[in-house]
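*Asks:* From first to last, the protein sequence lines are chains Z and C. Everything in the first sequence is counted per full-length UniProt numbering, starting at 1 for the first residue and increasing by one. Everything in the second sequence is counted per full-length UniProt numbering, starting at 1 for the first residue and increasing by one.
FYI, nobody ran anything at the bench for these hints, they're computed from the structure. Incorrect hints may have been included.
Simulated pairs of lysine to aspartate or glutamate, DMTMM-like, Cα-Cα distance not exceeding 25 Å [what the hints assert, rightly or not]:
| hint | chain 1 | residue 1 | chain 2 | residue 2 |
| --- | --- | --- | --- | --- |
| 1 | C | Lys274 | Z | Asp145 |
| 2 | C | Lys477 | Z | Asp65 |
| 3 | Z | Lys78 | C | Glu476 |
| 4 | C | Lys217 | Z | Glu155 |
| 5 | C | Lys113 | Z | Asp60 |
| 6 | C | Lys483 | Z | Asp58 |
| 7 | C | Lys185 | C | Glu322 |
| 8 | C | Lys131 | Z | Glu155 |
| 9 | C | Lys253 | C | Asp443 |
| 10 | C | Lys253 | Z | Asp145 |
| 11 | C | Lys136 | Z | Asp167 |
| 12 | C | Lys131 | C | Asp102 |
| 13 | C | Lys253 | Z | Asp167 |
| 14 | C | Lys434 | C | Glu77 |
| 15 | C | Lys168 | C | Asp204 |
| 16 | Z | Lys87 | C | Asp468 |
| 17 | Z | Lys141 | C | Asp214 |
| 18 | C | Lys265 | C | Asp144 |
| 19 | C | Lys477 | Z | Glu155 |
| 20 | C | Lys459 | Z | Glu81 |
| 21 | C | Lys477 | Z | Asp79 |
| 22 | C | Lys136 | Z | Asp60 |
| 23 | C | Lys253 | C | Asp268 |
| 24 | C | Lys85 | C | Asp368 |
| 25 | C | Lys168 | Z | Asp60 |
| 26 | C | Lys217 | Z | Asp167 |
| 27 | Z | Lys50 | Z | Asp209 |
| 28 | C | Lys483 | Z | Asp60 |
| 29 | Z | Lys78 | C | Asp468 |
| 30 | C | Lys248 | C | Glu426 |
| 31 | C | Lys411 | C | Asp84 |
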Amino acid sequence: MDRSTAAPIRSLDEFAKRPPMKWSKHILGYLFLLPAVVIFFTFLWLPIGKGIVYSFYDIDFVKGDSFVGWANYTKIFKDAEVTVSAKNTLYYMMLGILIGFWVPILFAIAISEIRRFQGFVRVAAYLPFVVPLVVLYGLWKWLYDPVGPINAALEKLGFSQVLFLTDKAWSMISIVFMETWQSFGSAMLIYLAAIMSVPRDWYEAAEIDGAGVWKRIRHITLPAIKNQIILLFLLQLIATSQGFQTQFAMLDGGPNNSTLTYALLIQRYAFTRQDYGAASALGVLMFLVLGLLAVLQYRMSNKKEE
Amino acid sequence: MRKISTIIACLIVFSLVLAACGGKNNNGASSSPSASASTPAESASAPASESSDPASPDITQVKATISIYYPTPDLVEKRALEDDKIKRFNAVFPNVEIVKSDWQYNPNEIGIKMGANEAPTLFNTYATEGKFLAEKGWAADITDLYNAYDKKDQLNPILLDQFNIGGKIYGIPQQGYVVGTVVNKKMLADKGVAIPALDWTWDDVLNTAKAVADPKKGIAGIAPMGKGNEAGWNWTNFLFEAGGEIQKVEGGKVIATFNSDAGVKALDFYNKLKEASVIPADWALGWGDAVGAFAQGRTAMVIAGPDGPLDQGLNQGGYKPEDLVVYPMPAAAAGGKHTGVLGGDFLVINPNATKEEQEIAFRYAVFDYFSDKGLASVEENIKARKAENKFFVPPVIQYFKQDSEYGAKVKAVYDKYDNVYQYSNELMGLLDGKPEAQFNTQDYYAAMTNVIQEVFSKKGVDLKAQLDAAAKLVQEKFYDQIKVQ
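With the hints as constraints, model all of the structure from the sequences given.
*Replies:* Put into structure tokens, the structure is as follows:
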């Protein structure tokens with residue numbers, strides 16, 4: 001929207017100066033709001049609040065909870081696995097950026113440049129995202145098998161066998177490759193929609209001025225999808241920092257804790273060790289870090305917009 | 001007006017907090033799913049033994065609702081058996097409503113189930129969980145019910161002892177096993193490999209595995225589990241065979257002992273298997289992966305409770321009974337014991353249930369025990385499987401003593417059908433079951449799983465150092481918190 005024609009944004013002071021609203025006039029509006037508030041309160045805000053409270057308790061669902069102060073926090077800070085899992089999570093987040101983050105951008109730009117069969121390619125790129133997880137894990141276990149197709153191809157090319165899942169150096173990388181293949185399609189659609197909304201005449205003007213494909217991408221496409229890149233970067237960081245599903249299902253955190261992520265450790269504390277208090281303490285720390293990250297990122301993106 | 005809206009908003013928030021927090025009931029007196037249909041715990045707190053007293057009300061006429069462990073939808077035959085049992089039970093206990101729960105015990109879910117008061121009145125569990133459930137207060141003390149049971153002396157003590165915690169009974173045995181090695185004899189024969197004797201050793205395992213493995217085709221000689229706590233569980237058999245122990249209790253303290261010389265010896269055997277390339281190159285296999293690989297002919301040997309691999313091999317892998325042989329765990333050296341971990345399935349009663357519900361649940365659990373009706377049900381199951389060209393794999397250890405009168409009756413039924421897998425007498429004579437550790441078994445398994453993964457994924461690992469580190473971790477993190485009374 002053209003900023004000059006947009007309605008002026010009112011400041012908070014203006015709202016504060018307004019005369020008090022009539023409750024009865026807006027009761028219908030409040031009633032419409034109520035279900036959403038109840039659902040959010042019950043399933044989001046209350047569990048978050050309870051999680052924080054639980055982190056100060058020894059939780060026993062049958063005999064009753066007992067207040068333990070900071071003991072859960074002391075316990076997790078002493079646990080070497082917490083450090084290992086935090087490092088693994090950072091490594092996983094970094095791999096996600098290095099291996100996976102640019103793939104949907106690349107595909108979106110490539111698809112936008114295709115003149116024929118664009119619809120087919122778009123669907124084909126999105127298809128892995130709808131593959132059920134059980135099928136996905138089975139498929140990639142087969143692909144990564146020591147005598148599977150990837151290793152067979154590597155051996156034909158004269159390389160030695162790679163133990164993708166059981167070699168500590170490869171296990172996390174293999175997981176990120178698999179997840180990138182599976183999930184790049186959904187991010188690609190967002191980028192593609194952003195690219196498609198760029199006026200075509202900008203590209204035509206650039207072409208007339210002698211800009212090649214690379215220059216068009218660099219000076220038109222990438223700046224046009226900058227906001228989406230920032231948003232998806234933030235979302236990917238948040239998603240990968242909570243990653244545990246694949247690590248749990250395929251390797252259960254192994255080999256020797258090399259794919260033990262922070263979220264997987266929380267799951268172990270809660271459901272394997274039945275130590276819900278320490279698990280909540282781990283969750284609270286994660287909540288604080290992610291909250292800080294989100295605030296910083298939004299501030300950065302707001303500043304850029306201004 | 002603003003005040004009114006603030007008050008209403010506060011009331012909504014307060015009521016929501018109350019609603020969300022009020023569901024929990026820790027005293028367990030009236031929170032059973034069936035509490036509305038039964039007498040409160042306090043008014044029916046007479047011990048079960050007294051219920052047989054002429055003065056006490058007739059238990060068969062009690063009105064109650066119990067929820068029971070019910071097989072999952074894929075187990076059609078077992079469901080049919082359970083439905084039949086419910087029907088017969090209701091003929092004797094006409095006022096009892098039985099609610100079927102297909103929740104299968106899961107250590108990762110039991111805490112939530114108990115917290116939410118959603119665990120069935122009667123639920124299934126495994127041998128490892130006895131002490132854990134008893135200490136958490138998640139299994140009812142059924143000592144009185146057990147003492148009042150007229151056939152208690154015929155229950156198999158090997159299994160019953162697993163849930164005898166400090167002289168109190170917390171579970172009803174269903175069936176059990178001693179971990180063994182199931183060997184695909186057909187794979188050995190196809191490669192011209194000599195079939196080892198049942199009284200075999202670690203060297204026999206290694207040599208057989210070497211002879212049958214074909215790494216280039218992705219065929220392993222043996223598939224020790226390498227993922228999840230199963231990895232530690234599998235390895236523990238070798239620790240026992242080498243004469244080692246997981247832990248010992250000394251001066252009221254639990255001390256980790258699995259880093260002994262026996263532990264190093266057992267871990268060195270795993271190292272030899274790895275170096276000889278007889279285990280799957282992709283060794284990160286959990287129970288399902290390893291047993292599945294066995295059923296698909298991708299490994300010639302697997303270590304597990306024998307009935308699982310047998311059932312999958314015969315009924316899904318298409319093998320014939322003569323193709324698959326159950327071996328005891330190998331002895332560390334000739335003349336040694338074939339010790340394997342003793343495990344099994346048990347039924348546990350929810351302590352949140354009222355005393356009456358607990359008694360009815362107990363009576364339901366043992367309703368078919370030692371009865372001809374129960375045996376007839378088993379026979380029907382065998383026949384149904386025969387009609388579908390499927391095999392019936394009986395448990396290695398039954399809830400009753402094998403040499404009892406009832407044991408002989410069951411054996412006679414098994415002998416009538418050629419689709420019943422028969423364990424050899426020689427095997428039964430060699431099996432040496434050893435119960436798992438009493439304290440923090442799963443934590444020990446988890447620690448050992450990391451050690452095993454280190455050995456399988458690296459060359460030249462310092463075995464003693466790895467075991468010492470794991471023992472230190474388990475000691476400091478778990479065992480040091482325990483005070484043995």
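*Asks:* If a hint holds in the structure, say so; if it does not, say that too.
*Replies:* Each hint, compared with the structure:
1. Between the alpha carbons of Lys274 (chain C) and Asp145 (chain Z) the distance comes to roughly 17 Å, so the proposed pair stays at or under 25 Å and holds.
2. For the proposed pair Lys477 (chain C) and Asp65 (chain Z), the alpha carbon gap of about 21 Å is at most 25 Å, so the pair holds.
3. A C-alpha spacing of about 11 Å is found between Lys78 (chain Z) and Glu476 (chain C), which places the hinted pair at or below 25 Å, so the restraint holds.
4. For a cut-off of 25 Å, the pair hint linking Lys217 (chain C) to Glu155 (chain Z) stands: about 14 Å separates their Cα positions.
5. Note on Lys113 (chain C) and Asp60 (chain Z): the hinted pairing holds, with a Cα-Cα distance of about 12 Å set against a maximum of 25 Å.
6. For the given pair, Lys483 (chain C) sits about 18 Å from Asp58 (chain Z) by alpha-carbon distance, which is consistent with the 25 Å threshold.
7. Among the hinted pairs, Lys185 (chain C) with Glu322 (chain C) is consistent with the structure: their alpha-carbon atoms are about 8 Å apart, no more than 25 Å.
8. Taking the CA atoms of Lys131 (chain C) and Glu155 (chain Z), the gap is near 51 Å; set against the 25 Å cutoff, the hint is violated.
9. Restraint check for Lys253 (chain C) and Asp443 (chain C): satisfied, since their Cα atoms lie roughly 17 Å apart, inside the 25 Å limit.
10. For the suggested pair Lys253 (chain C) and Asp145 (chain Z), the alpha carbons sit about 45 Å apart, so the restraint of at most 25 Å is broken.
11. Only pairs whose Cα atoms come within 25 Å are accepted, and Lys136 (chain C) paired with Asp167 (chain Z) is rejected, the gap being roughly 38 Å.
12. The hinted pair formed by Lys131 (chain C) and Asp102 (chain C) meets the criterion: a straight-line CA distance of about 24 Å does not exceed 25 Å.
13. At roughly 38 Å between alpha-carbon atoms, Lys253 (chain C) and Asp167 (chain Z) are farther apart than 25 Å, so this suggested pair is violated.
14. As the CA atoms of Lys434 (chain C) and Glu77 (chain C) are separated by approximately 32 Å, the hinted pair breaks the 25 Å bound.
15. A hinted pair counts as satisfied when its Cα atoms are at most 25 Å apart, and Lys168 (chain C) with Asp204 (chain C) does not qualify at roughly 42 Å.
16. Between Lys87 (chain Z) and Asp468 (chain C), the direct Cα distance comes to roughly 24 Å. Compliance with the 25 Å bound is thereby established for this hinted pair.
17. Note on Lys141 (chain Z) and Asp214 (chain C): the hinted pairing holds, with a Cα-Cα distance of about 20 Å set against a maximum of 25 Å.
18. Straight-line distance between C-alpha atoms of Lys265 (chain C) and Asp144 (chain C) comes to about 45 Å, which puts the hinted pair past the 25 Å bound.
19. Taken as a hint, the Lys477 (chain C) and Glu155 (chain Z) pair is broken in the structure, with Cα atoms around 45 Å apart against an allowance of 25 Å.
20. For the given pair, Lys459 (chain C) sits about 23 Å from Glu81 (chain Z) by alpha-carbon distance, which is consistent with the 25 Å threshold.
21. For the hint pairing Lys477 (chain C) with Asp79 (chain Z), the CA-to-CA distance comes to about 8 Å; that is within 25 Å, so the pair holds.
22. For the hint pairing Lys136 (chain C) with Asp60 (chain Z), the CA-to-CA distance comes to about 8 Å; that is within 25 Å, so the pair holds.
23. Of the pairs offered as hints, the one joining Lys253 (chain C) and Asp268 (chain C) is violated, with about 29 Å between alpha carbons and a cut-off of 25 Å exceeded.
24. Between Lys85 (chain C) and Asp368 (chain C), the direct Cα distance comes to roughly 8 Å. Compliance with the 25 Å bound is thereby established for this hinted pair.
25. Between Lys168 (chain C) and Asp60 (chain Z) the alpha-carbon distance is near 22 Å, which keeps this suggested pair within the 25 Å criterion.
26. Distance check on the hinted pair: Lys217 (chain C) and Asp167 (chain Z) sit about 20 Å apart at the alpha-carbon level, within 25 Å; holds.
27. Between the alpha carbons of Lys50 (chain Z) and Asp209 (chain Z) the distance comes to roughly 61 Å, so the proposed pair goes past 25 Å and is violated.
28. Note on Lys483 (chain C) and Asp60 (chain Z): the hinted pairing holds, with a Cα-Cα distance of about 19 Å set against a maximum of 25 Å.
29. Proximity of Lys78 (chain Z) to Asp468 (chain C) is assessed by CA-CA distance (about 19 Å); at most 25 Å being required, the pair is judged to hold.
30. Restraint check for Lys248 (chain C) and Glu426 (chain C): the C-alpha separation of about 32 Å exceeds 25 Å, so the hint is violated.
31. At most 25 Å may separate the alpha-carbon atoms for a hinted pair to count; Lys411 (chain C) and Asp84 (chain C) meet this at roughly 22 Å.
Hint compliance for this structure: hints 8, 10, 11, 13, 14, 15, 18, 19, 23, 27 and 30 are not met, and every other hint is.
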